[in-house]
Amino acid sequence: MSEATKPQPQAKGEKTPISDTSYVGIDAILEQMRRKAMKQGFEFNVMVVGQSGLGKSTLMNTLFKSKVSRKSVQPNVEERIPKTVEIKSVSHDVEEKGVRMKLTVIDTPGFGDQINNENCWQPIMKFINDQYETYLQEEININRKKRIPDTRVHCCIYFIPPTGHCLRPLDVEFMRHLSKVVNIVPVIAKADTLTLEERDSFKKTIREELRANGIDVYPQKEFDEDAEDRMINDKIREMIPFAVVGSDQEYQVNGKRILGRKTKWGTIEVENIAHCEFAYLRDLLIRTHMQNIKDITCSIHYETYRVRRLNESNILFTSNPPDHPAPATPQPNGVAAHRSSVE
Amino acid sequence: MASTEIARQAGEGARGVPLSGHVGFDSMPDQLVNKSVNHGFCFNILCVGETGLGKSTLMDTLFNTKFEGEPTQHNQPGVTLKSNTYELQESNVRLKLTVVNTVGFGDQINKEDSYKSIVEFIDAQFEAYLQEELKIKRTLHSYHDTRIHACLYFIAPTGHSLKSLDLVTMKKLDSKVNIIPIIAKSDAISKSELAKFKIKITSELVSNGVQIYQFPTDDESVAEINSTMNSHLPFAVVGSTEEVKIGNKMVKARQYPWGTVQVENETHCDFVKLREMLIRVNMEDLREQTHTRHYELYRRCKLEEMGFKDTDPDSKPFSLQETYEAKRNEFMGELQKKEEEMRQMFVQRVKEKEAELKEAEKELHEKFDRLKKLHQDEKKKLEEKKKSLDDEVNTFKQKKTAAELLQNQAQQAGGSTTLKRDKERKN
Numbered sequence: 001m002s003e004a005t006k007p008q009p010q011a012k013g014e015k016t017p018i019s020d021t022s023y024v025g026i027d028a029i030l031e032q033m034r035r036k037a038m039k040q041g042f043e044f045n046v047m048v049v050g051q052s053g054l055g056k057s058t059l060m061n062t063l064f065k066s067k068v069s070r071k072s073v074q075p076n077v078e079e080r081i082p083k084t085v086e087i088k089s090v091s092h093d094v095e096e097k098g099v100r101m102k103l104t105v106i107d108t109p110g111f112g113d114q115i116n117n118e119n120c121w122q123p124i125m126k127f128i129n130d131q132y133e134t135y136l137q138e139e140i141n142i143n144r145k146k147r148i149p150d151t152r153v154h155c156c157i158y159f160i161p162p163t164g165h166c167l168r169p170l171d172v173e174f175m176r177h178l179s180k181v182v183n184i185v186p187v188i189a190k191a192d193t194l195t196l197e198e199r200d201s202f203k204k205t206i207r208e209e210l211r212a213n214g215i216d217v218y219p220q221k222e223f224d225e226d227a228e229d230r231m232i233n234d235k236i237r238e239m240i241p242f243a244v245v246g247s248d249q250e251y252q253v254n255g256k257r258i259l260g261r262k263t264k265w266g267t268i269e270v271e272n273i274a275h276c277e278f279a280y281l282r283d284l285l286i287r288t289h290m291q292n293i294k295d296i297t298c299s300i301h302y303e304t305y306r307v308r309r310l311n312e313s314n315i316l317f318t319s320n321p322p323d324h325p326a327p328a329t330p331q332p333n334g335v336a337a338h339r340s341s342v343e
Numbered sequence: 001m002a003s004t005e006i007a008r009q010a011g012e013g014a015r016g017v018p019l020s021g022h023v024g025f026d027s028m029p030d031q032l033v034n035k036s037v038n039h040g041f042c043f044n045i046l047c048v049g050e051t052g053l054g055k056s057t058l059m060d061t062l063f064n065t066k067f068e069g070e071p072t073q074h075n076q077p078g079v080t081l082k083s084n085t086y087e088l089q090e091s092n093v094r095l096k097l098t099v100v101n102t103v104g105f106g107d108q109i110n111k112e113d114s115y116k117s118i119v120e121f122i123d124a125q126f127e128a129y130l131q132e133e134l135k136i137k138r139t140l141h142s143y144h145d146t147r148i149h150a151c152l153y154f155i156a157p158t159g160h161s162l163k164s165l166d167l168v169t170m171k172k173l174d175s176k177v178n179i180i181p182i183i184a185k186s187d188a189i190s191k192s193e194l195a196k197f198k199i200k201i202t203s204e205l206v207s208n209g210v211q212i213y214q215f216p217t218d219d220e221s222v223a224e225i226n227s228t229m230n231s232h233l234p235f236a237v238v239g240s241t242e243e244v245k246i247g248n249k250m251v252k253a254r255q256y257p258w259g260t261v262q263v264e265n266e267t268h269c270d271f272v273k274l275r276e277m278l279i280r281v282n283m284e285d286l287r288e289q290t291h292t293r294h295y296e297l298y299r300r301c302k303l304e305e306m307g308f309k310d311t312d313p314d315s316k317p318f319s320l321q322e323t324y325e326a327k328r329n330e331f332m333g334e335l336q337k338k339e340e341e342m343r344q345m346f347v348q349r350v351k352e353k354e355a356e357l358k359e360a361e362k363e364l365h366e367k368f369d370r371l372k373k374l375h376q377d378e379k380k381k382l383e384e385k386k387k388s389l390d391d392e393v394n395t396f397k398q399k400k401t402a403a404e405l406l407q408n409q410a411q412q413a414g415g416s417t418t419l420k421r422d423k424e425r426k427n
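Those protein sequence lines, which keep their order, are chains X and E. Residues in the first sequence are numbered consecutively from 1, following full-length UniProt numbering. Residues in the second sequence are numbered consecutively from 1, following full-length UniProt numbering.
If we strip away everything but chain X, and leave its shape as in the complex, we get (with noise of 0.2 Å):
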């Protein structure tokens, strides 16, 4: 059964006249729908994976636009490569025009440092499963929060160093196995060492090789909507990886102060498309792409997640796991399975 009432533009706010016949105000529920967001806040986690002294600190801070980095929340620390792969996180209250949010960074000092560098994407997974698992539990809880907090992984942005041949084992390993659980962005870091006949070159060594080996990133393929989303996406799968300077120094262009590099032969632009392509990533992940980066974390990694949760331990109980609930009874939850394993 489908009825259509007349639409009658109304401005947001405006108070609609009371002899106003055909409009009902359906579409103030729009305007409710941002004042709650508003009220609520977002929450945005990102993790930042690659070798140390690619430049991931200086990354984020250049994103944000503040010292959102570990580094600069522990400013006296000694730089030193730690033996193992730490993951580390640092959570922030940003505001913009009246929009809050609560930024945390990942950092994973470690990683890809060592001689024998094997598993060294496990403590990631793990981290990330984690965070899953706490989510989970939350939700199957009985007495339940209102707003659950989510410290789920919406995206890991991965720094490939700027070789100019072509991704290392690590790369192709790291990026396979985390590619199922997360959305995974590569970037090329430091960028302004590759001229750009050998960006263009390497970018397109790294789609090839992101492609023989069945590597989806996001944004992932299989996940667009319609095809106005597959359109977006595909201009912004052809550049995949961004090749990426970061910056939180000024210096002084054509009368402008502008975030960039310093160097004898010139300034690097960082905000600038033609210098480098900080500007495409940050509108990515930020402007356009953010609630649809959760949006894939919420509904597609995370169930996955669930169900492979939820089946395994139906498997470890009983011999015959079903995949539908019986009538009127739920499922089982992993609780013991995991239990046990802490403990």
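Don't read these hints as lab results, they were simulated from the structure. Backbone N, C-alpha and C fix where the C-beta goes; we use that ideal spot for every residue, glycine too. Some hints here could point you the wrong way.
Said to hold, decoys possible - Beyond 10 Å from chain X on every Cβ pair, some chain E residues (computed):
{"id": "1", "residue": "S36"}
{"id": "2", "residue": "N110"}
{"id": "3", "residue": "S161"}
{"id": "4", "residue": "E276"}
{"id": "5", "residue": "K385"}
As the list claims (entries may be wrong) - Restricting the straight-line Cα-Cα distance to at most 25 Å, the calculated cross-link-like pairs of lysine-lysine (DSS-like) are:
{"id": "6", "chain 1": "E", "residue 1": "K135", "chain 2": "X", "residue 2": "K145"}
{"id": "7", "chain 1": "E", "residue 1": "K35", "chain 2": "X", "residue 2": "K39"}
{"id": "8", "chain 1": "X", "residue 1": "K126", "chain 2": "E", "residue 2": "K137"}
{"id": "9", "chain 1": "X", "residue 1": "K145", "chain 2": "E", "residue 2": "K302"}
{"id": "10", "chain 1": "E", "residue 1": "K35", "chain 2": "X", "residue 2": "K221"}
{"id": "11", "chain 1": "E", "residue 1": "K137", "chain 2": "X", "residue 2": "K146"}
{"id": "12", "chain 1": "X", "residue 1": "K36", "chain 2": "E", "residue 2": "K96"}
{"id": "13", "chain 1": "X", "residue 1": "K146", "chain 2": "E", "residue 2": "K35"}
{"id": "14", "chain 1": "E", "residue 1": "K273", "chain 2": "X", "residue 2": "K36"}
{"id": "15", "chain 1": "X", "residue 1": "K180", "chain 2": "E", "residue 2": "K273"}
{"id": "16", "chain 1": "X", "residue 1": "K146", "chain 2": "E", "residue 2": "K373"}
Place chain E on chain X using the hints.
What follows is chain E alone, placed relative to chain X:
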């Protein structure tokens, strides 16, 4: 093997950092809104009230469309709920509106159980959502939410007080759904009576502990308007889909010989207030309250009822798994028992049927034998008859030949006797 060290800085109350430039995440609300617009919204209203109070007309007036359905009869044996879903669209917002009507409410002689079907219906919607949420493979984001977001309770305009049916029903529903009481057909009450009626209703609700939906006053932009509206509850409404010409405009109104009641005139009735509150200001809040309060309450009660706990007496987190396992074994045991019973019953039935069939077979055999014997008897009799008939025929034939012979002899003798006689005569 690498091990992890997770260090969380600044804990829950994360430090605030100032931004030195425009980052761009102020577009997040826009992104969120765009996603919702693409997805569409759904809103479910339940109208509870006696037959003939103008529920359908009010829905038509509120949403400016003619929803289908004719007025219900007054002779329903019980309360049933009829729900209809409509797709409305205004500018770029698509709304899936479901209107649920109580058919036959208040028409029975014994109204003790009237509220039960309503409560069952609301619970069924919660149950469906709970089942979907607990599934292993679930599709929550494309699930058509049928939970009731708002319940409009229609109060008959007696002018005195609430009926006991109203009180009982509202008491049962207040913990399950957002109740918005409205006085229906309020053009039957004069202004002064209306004020007294409203006060009486509010005091009765308060004294009976009925929790009706209060418009939220925590958001500054709508706090003022919401708190004023809260004081106007319950709204006295008039619904009409007919248009009357007033001045030089066509307005929705009801025309009487003594005047015209304009639906959208705030001095005539509270329809505009209801529309403001229900749709234009608090629709999202109604949906949120349903999800975070009523649904959570239902979920908690349901899971606790099934025996799940969060922590057992030793305050160790109780595993849902173990409880479920125990219940599952119980359930499987029962299932097996039932299966056995059914199997036995089946075997027994088969035996009985077999015995019956054997009986029937035996009977048939007997019948066949009897018939055969009968047939043989008949045959024998017939043969005997035939034989006797043949004998008769033979005897007859013999007699016939004998008779003919005799006749011949007699003729010859007769001829000779005539000759003899002639001879005697001559002599």
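Would you check the hint for E:K273 and X:K36, treating anything up to 25 Å between C-alpha atoms as holding?
Between E:K273 and X:K36 the Cα gap is close to 22 Å, so the pair holds against 25 Å.
Sort out whether E:K35 lies within 25 Å of X:K146, counting only the CA atoms.
Within the cut-off at roughly 22 Å; holds.
Does E:K35 pair with X:K39 here, judged by a C-alpha cut-off of 25 Å?
holds, 18 Å
E:K135 paired with X:K145 [C-alpha distance capped at 25 Å]:
holds, 20 Å
Measure nothing beyond the straight line between the CA atoms of X:K145 and E:K302; if it is 25 Å or shorter, mark the hint as holding.
holds, 17 Å
A cut-off of 10 Å on Cβ-Cβ distance, and E:K385 was said to be off the interface with chain X. Does that hold?
Correct as stated: the minimum Cβ-Cβ distance to chain X is 78 Å, above 10 Å.
Minimum Cβ separation between E:N110 and chain X greater than 10 Å?
Its Cβ never comes within 10 Å of chain X, the nearest being 31 Å, so this holds.
Check the hint pairing X:K36 with E:K96 against an upper bound of 25 Å on the C-alpha distance.
This hinted pair holds, its Cα atoms lying about 21 Å apart.
Could you grab the alpha-carbon distance between X:K146 and E:K373 and see if it respects the 25 Å cut-off?
violated, 91 Å
Checking one constraint from the list: CA of X:K126 to CA of E:K137, max 25 Å. Satisfied?
At roughly 23 Å apart (the allowed maximum being 25 Å), E:K137 and X:K126 satisfy the hint.
Would the hint linking E:K137 and X:K146 be met if the CA-CA limit is 25 Å?
Answer holds: E:K137 to X:K146 is near 23 Å, not above 25 Å.
Interface exclusion of E:E276 relative to chain X, criterion Cβ beyond 10 Å:
violated, 8 Å
Hint compliance for this structure: hints 1, 4, 15, 16 are not met, and every other hint is.
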